[in-house]
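Peer 1: Let's have the full structure, built from the sequences with the hints guiding it.
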Amino acid sequence: MSASLPRESNARAKAPLRQPLHARLRELLHWRVNRDQHFWLIGVLAVTLLAVTIIALGVGPVVIEPLQVVAIALNSVGVTSAQELVTTFTPQQEAVLLSIRAPRVALGILVGAGLAVAGATLQGLFRNPLADPTLIGVSSGAAFSAVAVIVLGSTVLSGLTDVLGSATLPVAAFAGGVVTTIIVFRIGTRAGYTDAATVLLAGIAINAIASAGIGLLTYIADDEQLRTLTFWTMGSLGGTTWSRFSGAAPFILLAIVLVPLYARALNALLLGEAETRHLGFDLQPLKRHLILLVAMAVGASVAVTGIIGFIGLVVPHLLRLIVGPDYRSLLPGAMLLGAVLLLAADLVSRTIVAPAELPIGIITSVIGGPFFIWLLMRRNKRVFL
Amino acid sequence: MLSADSITVTRGASTLLDDVSVSLACGEVLAVIGPNGAGKSTLLKVMAGDLPADAGQVCFDNVPINQIDILRLAQLRAVLPQDSNTSFPFRANEIIEMGRSPHVAEHNPQKDQNIVAHVAELTGITDMLNREITTLSGGERQRTHFARVLAQIWEPEATLARYLLLDEPTSALDIAHQHHILSIARRLAAEQKIGVLAVVHDLNLAATYADRVALLSEGQLQCLGSPDEVFSSDVCSEAFGIVINRIDVPGYNSPILVTQPNAQAPA
Chain U
1 MSASLPRESN ARAKAPLRQP LHARLRELLH WRVNRDQHFW LIGVLAVTLL
51 AVTIIALGVG PVVIEPLQVV AIALNSVGVT SAQELVTTFT PQQEAVLLSI
101 RAPRVALGIL VGAGLAVAGA TLQGLFRNPL ADPTLIGVSS GAAFSAVAVI
151 VLGSTVLSGL TDVLGSATLP VAAFAGGVVT TIIVFRIGTR AGYTDAATVL
201 LAGIAINAIA SAGIGLLTYI ADDEQLRTLT FWTMGSLGGT TWSRFSGAAP
251 FILLAIVLVP LYARALNALL LGEAETRHLG FDLQPLKRHL ILLVAMAVGA
301 SVAVTGIIGF IGLVVPHLLR LIVGPDYRSL LPGAMLLGAV LLLAADLVSR
351 TIVAPAELPI GIITSVIGGP FFIWLLMRRN KRVFL
Chain D
386 MLSADSITVT RGASTLLDDV SVSLACGEVL AVIGPNGAGK STLLKVMAGD
436 LPADAGQVCF DNVPINQIDI LRLAQLRAVL PQDSNTSFPF RANEIIEMGR
486 SPHVAEHNPQ KDQNIVAHVA ELTGITDMLN REITTLSGGE RQRTHFARVL
536 AQIWEPEATL ARYLLLDEPT SALDIAHQHH ILSIARRLAA EQKIGVLAVV
586 HDLNLAATYA DRVALLSEGQ LQCLGSPDEV FSSDVCSEAF GIVINRIDVP
636 GYNSPILVTQ PNAQAPA
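Here the protein sequences line up with chains U and D, keeping their order.
If you read the first sequence in our numbering, its first letter stands for residue 1, the second for the next number, and so on.
If you read the second sequence in our numbering, its first letter stands for residue 386, the second for the next number, and so on.
Source of the hints: derived by calculation from the structure; they are not laboratory data.
Using N, Cα and C, we set each Cβ at its ideal position, and we do this for glycine too.
Be aware that a few hints might be false.
[Said to hold, decoys possible] One-sided excerpt, in silico: chain U residues whose CB lies under 7 Å from chain D:
1. ASP223
2. ARG264
3. ASN267
4. LEU270
5. LEU271
6. HIS278
7. ASP282
8. PRO285
9. PRO325
[Stated by the list, open to error] Counterexamples of contact, computed for chain U against chain D with all Cβ distances above 12 Å:
10. ALA73
11. PHE89
12. GLN123
13. ALA191
14. LEU201
15. ILE204
16. THR230
17. THR241
18. LEU283
19. ARG288
20. LEU321
21. GLU357
22. PHE371
23. MET377
Peer 2: Quick look at the structure:
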């Protein structure tokens, strides 16, 4: 384009047209270190995450002391003298940690971070601090298609399961998430501009339709399918294996890594879509990319853990109270806090009614529901409790 | 030169703009006036590239606007919409700094910070830089966003043609700040050769600060010329549907316009 602009415009021909990847990365780093007063917060959250991780790895029927966790971790990365250096542990402890607790904790960290980033991104896209994957129907769309695969996988949808094999469930959940997000967005978009209120209302409608579908499938499901179904609709990290983890990890990681590159664009979106365009962001591709990243993170999360609500709502909101709305500060903190909260919730879910487990979605909703109400009252500046 | 040639915009059965041609030269202030629903904002949106014209074309230096990269466009022109509002508690300096988004590739945060400080001082909001935008008054918010669009195209040394499109930039301001904001626009046009297009409702502000005035009515360009020309005819009274009398005060550069209460314009 620069070639066809006339002479005076070439004064700037040296400046690249696109915001190059390295410029965006560099800026993100610069902001963190120089300008931001919230660097300490990232440190505190990182240390908290480490502490919660060690506790989560140690708590359970087989107790593993924090130092033993460290020793086993060192041992597994090749430090053969770990037992002498730190402390001793039994082979049973090692086996429990590495093949049962570690994949569960790793998945918890990833899903927590992914849901928090997805929530923060949706709030930017819709310019609404109350947007959340469960509220606009992304989660229920993903859960609906997952449930469809569970119940109809061996009959109506057998063609699909033959082709995709064990990947059917995650792929279906992902596709369900993408499709519902696109539908909700299309309904809310007129002449290239998206109306947040319409999108949220469309989300309610999609939620209703998806839960009707899930209800119908529940009705025709057999006993074994029913148990699996319950897991999807209430969420759980139980029974996580490394293979399940690695099925979802690439999708969630990709979203976590790529969304921060859109931090400035998300800031601009909070001003308005027209303003975003005026500031040099190509609106339609921008929204498409962000929706795809959200659907990827949420779809993959729902595929392996079922619906876990409110993380995407609570985490960005708490952080905004401390670091402000700037996405360059918000996103790194949201990842860490999301991981901490989800791990903590999972810890509660498997200890509160031990040896049984409470679905984690119940715990996040018990905390998130009242929090949401508090937000609404705070917004209206009416306190009647 | 930012030129709009024979712009026509229709929405359903109604014609919002009917064959309107306006051009904005670097270094001039063009005021767009007209009654409510005349198509002023529509014209501004078309010239900003937000709204495609059904007929006609908008060109930056003879390059059609739809062929210009959006990021490049953001380096060429800044737009102040009628009402920029956010429920997210950004601080004023963060809002202004967003104006520097199109220049990320330069990676010169120090320069960005200097520009933020400079435009804040110019618009008189230095004291509010650390306050959250949601706690500012309507007028303070409007000045913050005005500072943001100034920051976007602030380049005192550049010879690049740049444009500022302002949709009712003074709607929430007291009388002193109305003059303040428009005199900044006036100075920018003179000092940095920026072309300023401003939709204004106050005819006296238009007469005082504009080099040229465009009068729109019912989607049509009724009159385009110097304030002296536009306000000397009856076109203005007809367009607004109220008698507008002109008073010329010796020693005062622009005409003073006074409306007559309860007087219908000659049909």
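Peer 1: Are there hints from earlier that the structure breaks, and if so, what are their numbers?
Peer 2: Structure breaks hints 1, 8, 12, 13, 18 and 20.
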